[in-house]
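Peer 1: For reference, the chains in residue letters:
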Amino acid sequence: MIDLEARYEISPNVSLRPERFGALAYSFDTRKLSFLKHPDLVRVVESLDSSESVREAFETVGVDKARWPSFLTALATLETSEMIRAS
Amino acid sequence: MHPEHHVDMIPAQPAAATRPLVEEFKFGLDAPICLTWELTYACNLSCVHCLSSSGRRDPRELTTEECFRVIDELERLKVFYVNIGGGEPMLRADFFEILEYAAAHNVGVKFSTNGTFIDAAAAERLAAMDYLDIQISIDGADAQVNDLVRGEGSFAAARAAMDHLAAANFGPFKISLVVTRHNVTQLDEFKEIADSYGAQLRVTRLRPSGRGVDSWAELHPTQAQQRQLYYWLMDRPTVLTGDSFFHLSALGDALPGLNLCGAGRVVCLIDPVGDVYACPFVIHDEFLAGNIRNEGGFTKVWRESDLFLSLREPESEGACTSCGSYDACQGGCMASKFFVGLELTDPDPECVLGNAEPYLAALQTAGVAVPSSTADHSRPGVPVPSPVTLRPTRRQRA
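In the order they appear, the protein sequences are chains A and B.
Under the numbering used here, residues 1 to 87 are what the first sequence spells out, in order.
Under the numbering used here, residues 1001 to 1398 are what the second sequence spells out, in order.
The shape of chain A in the complex, shown without the other chains:
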């Protein structure tokens, strides 16, 4: 579960590769590959490090509020796969 008001960051040793559809994410620690399936999701993930909260990252990127639940689900998947973590 992602806490909308908490700070998150991209996990150490995770690298993103931008693609038309979004991005590839690879963790050199877990050696797992994930697909970020929307460019907006990539922008959100990239904004995490410089945002005080997930809410701030959503607002920075300009994610429409109607899409927040689905973005939170996607971020939760990335947290489970250790691509992002609470900081």
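Heads up, a few of these hints could be off.
Here are the simulated BS3-like cross-link-like pairs (lysine-lysine), alpha carbons at most 27 Å apart as the crow flies [stated by the list, open to error]:
| hint | chain 1 | residue 1 | chain 2 | residue 2 |
| --- | --- | --- | --- | --- |
| 1 | B | Lys-1191 | A | Lys-65 |
| 2 | A | Lys-65 | B | Lys-1078 |
| 3 | B | Lys-1174 | A | Lys-32 |
| 4 | B | Lys-1174 | B | Lys-1191 |
| 5 | B | Lys-1078 | A | Lys-32 |
| 6 | B | Lys-1078 | B | Lys-1174 |
| 7 | B | Lys-1300 | B | Lys-1191 |
| 8 | A | Lys-32 | B | Lys-1110 |
If you are wondering where the hints come from, they were derived from the structure by calculation, not from laboratory data.
Keeping the supplied structure of chain A fixed, place chain B upon it in accordance with the hints.
Peer 2: This is chain B only, laid out in the frame that chain A set:
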């Protein structure tokens, strides 16, 4: 507050792309997701189904320096990991140097080995390295079944390597097998071996590639065995398959994975002399895209070769495109079709609906020869172990 018209909108799912990822991948990416890199054609074994017909070292093999340049390029392209194989990659004197260079340049490595050269000292050294996965190949859950295909003593050598890795606390390595008519009944035993080491089991498909062209007919699983395999895999989603069984998805729900032939679109092969092929299973001139030693290196081959650009075109119409299962199986494996002599638009020779049967029968009637190897590195005079009958195979040379 949000305007009214949002009420009827289906929330855009960031988890779903504007078009499915599979469709995205069919048109190819600017760089492969990952690739296979065979470091050498040299091998101490002579497996009957070797997809790269390995044995002898090729004198044109990439130098250490050239290998480093490949890694530099992969780092620039953000190819996050490579699957290193051979031949037996540990036979290269600079094997550890190449691994260390890759790790230092953010290119993760998974390497496949027969395990012969993983002694206690090598296991310690491997355990101390970062960004590294090891995959040890066995093709039987006991020496009897394994050694018939991989050669005498090869099972014991692989088990010794696993023991050394476990003793060195390497962590979870992978045990990989190619499914044959003989070992398909041993899947549970393979799983037990893997579990006993805390290892991950990886099960992949036998292709009629390389020396496999001679043994495939005798070794590939029967239709009944394919169904058995499908349900076994469906019940065990943690077993890795390298996405190699998407032709089985025509039996019902799709197996986990992309279920797509990624050849030249999201994967490819670099061979020991720098030749780039569409996938690890098509080491043949027909699927040769270029060589990394030429100007522009790997990047130019990947982005501009006629072969790869054509593989990224929408598929031509064929027998499969009108089949109700086409979305599930995507027509199957290009390599499997090619090396049994089928057209690429024909059904997969192991089509679970039996749609390939008339095509295979027609080939037999017409006496069509299968494509002959254009890159055979088998050692002359070394008999390859022959499955089933123990009769001399065509590859056994005087």
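Peer 1: Keeping to a limit of 27 Å between CA atoms, is the pair of Lys-1078 (chain B) and Lys-1174 (chain B) held or broken?
Peer 2: holds (24 Å)
Peer 1: Take the C-alpha atoms of Lys-1300 (chain B) and Lys-1191 (chain B), compute the straight-line distance between them, and say whether it is at most 27 Å.
Peer 2: Measuring from Cα to Cα gives roughly 42 Å; hence the hint is violated.
Peer 1: Holds or violated: Lys-32 (chain A) and Lys-1110 (chain B), Cα atoms, limit 27 Å.
Peer 2: holds (12 Å)
Peer 1: Decide if the proposed pair is consistent with the structure: Lys-1191 (chain B) and Lys-65 (chain A), CA atoms, cutoff 27 Å inclusive.
Peer 2: Answer violated: Lys-1191 (chain B) to Lys-65 (chain A) is near 47 Å, above 27 Å.
Peer 1: Quickly compare the C-alpha distance for Lys-65 (chain A) and Lys-1078 (chain B) to 27 Å and report which way the hint goes.
Peer 2: violated (33 Å)
Peer 1: Regarding the pair Lys-1174 (chain B) and Lys-32 (chain A), is the alpha-carbon distance no greater than 27 Å?
Peer 2: Satisfied, since the Cα-Cα distance of roughly 14 Å is no more than 27 Å.
Peer 1: Is it true that the CA of Lys-1078 (chain B) sits at most 27 Å from the CA of Lys-32 (chain A)?
Peer 2: With Cα atoms ~15 Å apart, Lys-1078 (chain B) and Lys-32 (chain A) stay inside 27 Å; holds.
Peer 1: Can you confirm whether the C-alpha distance between Lys-1174 (chain B) and Lys-1191 (chain B) stays at or below 27 Å?
Peer 2: holds (11 Å)
Consistency with the previously given hints fails for numbers 1, 2, 7, ordered from lowest to highest.
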